[in-house]
Amino acid sequence: GEDVEQSLFLSVREGDSSVINCTYTDSSSTYLYWYKQEPGAGLQLLTYIFSNMDMKQDQRLTVLLNKKDKHLSLRIADTQTGDSAIYFCAGSNDYKLSFGAGTTVTVRA
Amino acid sequence: DVKVTQSSRYLVKRTGEKVFLECVQDMDHENMFWYRQDPGLGLRLIYFSYDVKMKEKGDIPEGYSVSREKKERFSLILESASTNQTSMYLCASSRPGGVGYEQYFGPGTRLTVT
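First to last, the protein sequences are chains A and B. Each residue of the first sequence is one higher than the one before, counting from 1 in the numbering used here. Each residue of the second sequence is one higher than the one before, counting from 1 in the numbering used here.
Check before you lean on any hint, since a few could be wrong.
As a list, the in silico SDA-like pairs of lysine to any residue whose alpha-carbon atoms are at most 25 angstroms apart [claimed, not checked]: (1) A:K36 with B:K53; (2) B:K53 with B:V12; (3) A:K36 with B:Y104; (4) B:K53 with B:T114; (5) A:K36 with B:L41; (6) B:K71 with B:D59; (7) A:K56 with A:S84; (8) B:K3 with A:K70; (9) A:K67 with B:E22; (10) A:K68 with B:K71; (11) A:K36 with B:G58; (12) B:K57 with A:S73; (13) A:K67 with B:D28; (14) A:K70 with B:D59.
Because the hints were derived from the structure by calculation, they are not lab data.
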């Protein structure tokens, strides 16, 4: 299956940009996803990118995909306190998803 | 809106007990999944089902079994609970098409085995 790695913690000041990085091993993933988990809740799909795209922008979110390096990143512009959460990247392999360990983002005032 | 519900948010069980975790989805999804989530390890797939009465082992099936008698319901069974099964359990469902195989998650069940 797919191996997905991401750093575990990120601390960012309110109003700054956050960048969460992820690397994956299986280049056959058709879609790559970013999920957000708020405290005490399940995961919600935040955004995704199709594997033939390099970039996708969705309001404050920008996803960058470097297929050559198998590197995926999520940038959150103007980070707010409501962005404090765990962020998971995931790759698809058929109908199964492989998740990274999750990056805990803490937004400080 | 897709809704995935799990029978309990918090559960405390004793070692050796048989434990049932229930998951129900209301969007007629073919695929259903059970994960456990542990700090630093992310989500690990226990079992999944792609149709009624069908099941496949995930990455960590040992100590668990599943049942899918109806399309909307997927149960996770701990035959004899052990302390190392203390964890957060997440259920998800998906269907082919749309955003690839986007999965919709329930709120999770935090299980403590003492």
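Hint by hint, here is what the structure shows:
1. A:K36 with B:K53: The given pair, whose Cα atoms are some 31 angstroms apart, is violated under the 25 angstroms limit.
2. B:K53 with B:V12: 28 angstroms, violated
3. A:K36 with B:Y104: 12 angstroms, holds
4. B:K53 with B:T114: 32 angstroms, violated
5. A:K36 with B:L41: 16 angstroms, holds
6. B:K71 with B:D59: Distance of about 23 angstroms is within 25 angstroms: holds.
7. A:K56 with A:S84: 22 angstroms, holds
8. B:K3 with A:K70: With a Cα-Cα distance of about 33 angstroms, the restraint between K3 of chain B and K70 of chain A is violated, given a limit of 25 angstroms.
9. A:K67 with B:E22: 39 angstroms, violated
10. A:K68 with B:K71: Violated. K68 of chain A to K71 of chain B sits at ~40 angstroms, over the 25 angstroms cutoff.
11. A:K36 with B:G58: Satisfied, since the Cα-Cα distance of roughly 22 angstroms is no more than 25 angstroms.
12. B:K57 with A:S73: The given pair, whose Cα atoms are some 30 angstroms apart, is violated under the 25 angstroms limit.
13. A:K67 with B:D28: Judged against 25 angstroms, a Cα distance of about 34 angstroms means the pair is violated.
14. A:K70 with B:D59: 23 angstroms, holds
Of the numbered hints listed earlier, those contradicted by the structure are 1, 2, 4, 8, 9, 10, 12, 13.
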